[in-house]
Amino acid sequence: MIEKEITITNRAGLHTRPAAALVKTAARYKAEFLIQKDEFEINGKSIIGVMTLAAEQGSKLKLRFDGPDEEEAAAAITDLFERGFDEN
Amino acid sequence: MNTPHPAAGEVILKGIPAAPGIAIGPAYIYSKEAPGVVKKEITPDEVGSEVRRLKNATARSQKELQKILLFAEQKLGSQSAKIFEAQIMILGDQILMETIERRIADENLNAEYLVSDEITKYKKMMLAAHDEYMHERAHDLDDVMNRIIRNIQDQKLFSRLEGESIIVSETLTPADTVIFSRNQVLGYATDRGGMTSHAAILSRSLKIPAVVGLRNASRQIQTGNRIAIDGYSGLFIINPGEETLQNLERKANRFKEFEEQLTEIVGLTAETPDHRQIELSANIEFPEEIDFARLQGSAGIGLFRTEGQLLGLARYPSEDEQYEVYRTVADQIYPHRVIFRTFDIGGDKLVPETYQEANPFLGWRGIRVLLDRPDLFLNQLRAILRASAGKNVHIMFPMVSSVGEVRMAKEMVEQAKADLTKQGIPFDPNIKIGVMIEVPSAALLTDQIAPMVDFLSIGTNDLIQYMLAVDRDNNAVAHLYQQFNPAVLRVIKMTIDEGHRHKIWVGMCGEMAGDPLATVLLMGLGLDEFSVLPSMLPEIKKIIRSVKVREAKRVAEKALTLPTADEVKKHLISYMQMRLPDIPLES
Numbered sequence: 642m643i644e645k646e647i648t649i650t651n652r653a654g655l656h657t658r659p660a661a662a663l664v665k666t667a668a669r670y671k672a673e674f675l676i677q678k679d680e681f682e683i684n685g686k687s688i689i690g691v692m693t694l695a696a697e698q699g700s701k702l703k704l705r706f707d708g709p710d711e712e713e714a715a716a717a718i719t720d721l722f723e724r725g726f727d728e729n
Numbered sequence: 033m034n035t036p037h038p039a040a041g042e043v044i045l046k047g048i049p050a051a052p053g054i055a056i057g058p059a060y061i062y063s064k065e066a067p068g069v070v071k072k073e074i075t076p077d078e079v080g081s082e083v084r085r086l087k088n089a090t091a092r093s094q095k096e097l098q099k100i101l102l103f104a105e106q107k108l109g110s111q112s113a114k115i116f117e118a119q120i121m122i123l124g125d126q127i128l129m130e131t132i133e134r135r136i137a138d139e140n141l142n143a144e145y146l147v148s149d150e151i152t153k154y155k156k157m158m159l160a161a162h163d164e165y166m167h168e169r170a171h172d173l174d175d176v177m178n179r180i181i182r183n184i185q186d187q188k189l190f191s192r193l194e195g196e197s198i199i200v201s202e203t204l205t206p207a208d209t210v211i212f213s214r215n216q217v218l219g220y221a222t223d224r225g226g227m228t229s230h231a232a233i234l235s236r237s238l239k240i241p242a243v244v245g246l247r248n249a250s251r252q253i254q255t256g257n258r259i260a261i262d263g264y265s266g267l268f269i270i271n272p273g274e275e276t277l278q279n280l281e282r283k284a285n286r287f288k289e290f291e292e293q294l295t296e297i298v299g300l301t302a303e304t305p306d307h308r309q310i311e312l313s314a315n316i317e318f319p320e321e322i323d324f325a326r327l328q329g330s331a332g333i334g335l336f337r338t339e340g341q342l343l344g345l346a347r348y349p350s351e352d353e354q355y356e357v358y359r360t361v362a363d364q365i366y367p368h369r370v371i372f373r374t375f376d377i378g379g380d381k382l383v384p385e386t387y388q389e390a391n392p393f394l395g396w397r398g399i400r401v402l403l404d405r406p407d408l409f410l411n412q413l414r415a416i417l418r419a420s421a422g423k424n425v426h427i428m429f430p431m432v433s434s435v436g437e438v439r440m441a442k443e444m445v446e447q448a449k450a451d452l453t454k455q456g457i458p459f460d461p462n463i464k465i466g467v468m469i470e471v472p473s474a475a476l477l478t479d480q481i482a483p484m485v486d487f488l489s490i491g492t493n494d495l496i497q498y499m500l501a502v503d504r505d506n507n508a509v510a511h512l513y514q515q516f517n518p519a520v521l522r523v524i525k526m527t528i529d530e531g532h533r534h535k536i537w538v539g540m541c542g543e544m545a546g547d548p549l550a551t552v553l554l555m556g557l558g559l560d561e562f563s564v565l566p567s568m569l570p571e572i573k574k575i576i577r578s579v580k581v582r583e584a585k586r587v588a589e590k591a592l593t594l595p596t597a598d599e600v601k602k603h604l605i606s607y608m609q610m611r612l613p614d615i616p617l618e619s
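Chains as they are written, first to last, in our numbering: chain F, 642 to 729; chain L, 33 to 619.
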């Protein structure tokens with residue numbers, strides 16, 4: 642299992658479009674992908690879950706990857722966050 | 033003027049006319065309440081068929097939404113259709129569906145109960161957020177949930193709508209408005225909302241009669257009750273009697289005949305019989321409205337509300353996205369001009385970010401937001417400047433209340449120009465800049481503001497509300513919102529006179545500019561430009577082409593001597609009835 646902490650840098654936070662990009666990327670991997678924000682934990686492959694997080698710019702999230710391709714999944718998702726979903 | 037006498041059982045409610053036209057027919061009460069869901073246990077060998085019901089219902093829901101999206105794109109353009117994106121994505125959520133399927137198998141419960149249980153969980157979390165955007169997404173969830181449940185129960189949403197109906201509802205979202213317009217909708221009536229709510233604007237562009245602000249109309253009737261709505265005067269009539277129906281039909285015919293006559297003058301200019309050219313242009317919010325505005329004989333766009341682009345977006349559109357919209361509008365209207373008003377957000381207008389205010393109309397809105405958000409402002413200014421290469425683009429600032437704001441806004445324009453010059457991107461270096469006069473302080477400072485700008489446009493909706501201290505969406509005081517109040521007339525006159533003294537033109541883009549009863553008065557006060565709803569263009573043009581400036585001046589001079597709004601109105605009505613009896617008046 643891999644755990645990462647990240648901060649949201651894109652302006653719109655995890656609103657509709659970035660949420661969709663995140664879920665789409667996560668779906669390419671077998672590894673389970675969970676996102677924790679404050680007391681909530683949701684499945685990172687579920688758009689309804691990611692939308693519910695309503696993570697604003699500057700929010701801190703804890704990401705957890707678990708599965709055979711967890712390394713690749715973690716790398717791809719972290720990259721997406723770091724690029725600010727190409728929205729900045 | 034034609035107030036009908038109520039017949040037995042007839043009830044007349046007064047609301048705000050939001051989109052012109054008359055509709056008579058059965059009501060369809062639209063409420064967002066979920067279809068009834070009962071928790072039921074199923075036997076283990078029913079699990080397979082229950083999962084199939086869920087899967088079929090989801091597939092059908094997806095098909096329905098795709099159709100709605102396609103339709104919205106055709107009718108409103110792809111930008112506005114984005115409001116449906118979120119719903120389609122939720123329907124495609126594999127994790128959500130797998131969870132529900134697993135629970136059907138594990139807990140042996142029926143599909144609709146579990147759909148409601150799962151989605152409601154997320155909805156509650158969204159509603160707990162203090163964020164307008166999240167609350168809207170919660171409504172999206174509701175819509176999706178109800179759609180799936182309805183499909184599981186195999187009910188058709190609009191089965192009862194297959195005849196023609198008038199939609200009556202507490203409130204309508206832009207999405208509802210569009211969705212319903214696919215059916216045979218005769219009209220819309222809502223308990224809440226004002227003239228400038230998005231649903232009202234959309235119903236005008238869809239050309240469906242609408243009355244809003246009816247307080248509790250939706251609770252006074254039931255689906256199938258016979259009602260009538262009058263979108264000219266804002267009436268909602270329950271069980272209309274014979275006499276009322278005859279009056280309404282006469283009225284509808286009168287407007288229709290008049291509209292037919294008007295088609296002849298669409299191609300003519302707005303020139304008075306004593307050869308004064310008056311600029312007559314259209315107020316629009318979406319590029320898709322240009323065709324209709326042109327068809328109605330518009331000589332240009334006097335107000336393009338750029339905040340329409342924010343509809344349903346969770347973020348501000350990028351410079352490039354904005355440029356695409358502005359360029360399309362500028363190209364399509366060429367060689368006529370378009371005035372882009374920078375984002376007028378705050379107050380009752382949509383914003384991607386939420387800022388809670390006790391008194392939004394006296395708060396963070398219009399130019400105040402833009403000056404506090406230089407990045408956002410510069411992005412928009414650069415996008416507008418890039419669209420100005422054809423030299424038919426003007427910029428206008430909303431909600432200006434001081435000279436300092438005009439100075440700062442102009443500095444921002446210079447900075448945006450410098451950015452583009454550095455990048456070698458072409459634009460109109462002499463782009464014309466104007467301000468809205470819609471705050472009393474700006475009106476009183478017109479002599480200081482006029483020398484700094486190229487034009488002024490009077491925004492009567494806000495100007496009147498601020499001058500008279502009346503919120504016209506507040507039913508208790510709405511009748512005090514008087515556009516013919518002598519104080520309002522004096523401020524309009526002063527603004528026009530000061531503008532002319534400094535050799536700049538003065539226009540008006542508030543609703544008053546599109547009220548046929550006000551046209552002659554405004555001509556007489558010297559207004560140079562009228563910017564109105566596209567549907568009002570031919571009528572206003574006909575009045576301008578019929579009345580000499582000299583004559584209009586006499587009407588205005590008399591009006592300025594009268595002490596009350598009622599007396600001004602009476603004076604104007606009697607003039608119009610004598611001089612232009614063909615023009616249908618509403619008041």
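If you are wondering where the hints come from, they were derived from the structure by calculation, not from laboratory data. For glycine and all other residues, C-beta sits at the position ideal for the given N, C-alpha and C. Treat the hints loosely; a few may be bogus.
Claimed, not checked - Each pair of labels, with its calculated beta carbon distance range:
id, chain 1, residue 1, chain 2, residue 2, range
1, F, Thr719, L, Ala91, 33 to 43 Å
2, L, Met440, F, Gly699, 22 to 32 Å
3, L, Pro461, F, Lys665, 40 to 50 Å
4, L, Gln480, F, Thr719, 54 to 64 Å
Here is what the structure says about each hint:
1. F:Thr719 - L:Ala91: 33 to 43 Å: Taking Cβ atoms as reference, Thr719 (chain F) and Ala91 (chain L) lie about 35 Å apart, which means the hint holds.
2. L:Met440 - F:Gly699: 22 to 32 Å: Holds, since Met440 (chain L) and Gly699 (chain F) (Cβ atoms, about 27 Å apart) stay within the stated range.
3. L:Pro461 - F:Lys665: 40 to 50 Å: holds (44 Å)
4. L:Gln480 - F:Thr719: 54 to 64 Å: This hint holds: roughly 55 Å between Cβ atoms.
The structure meets every hint from the earlier list without exception.
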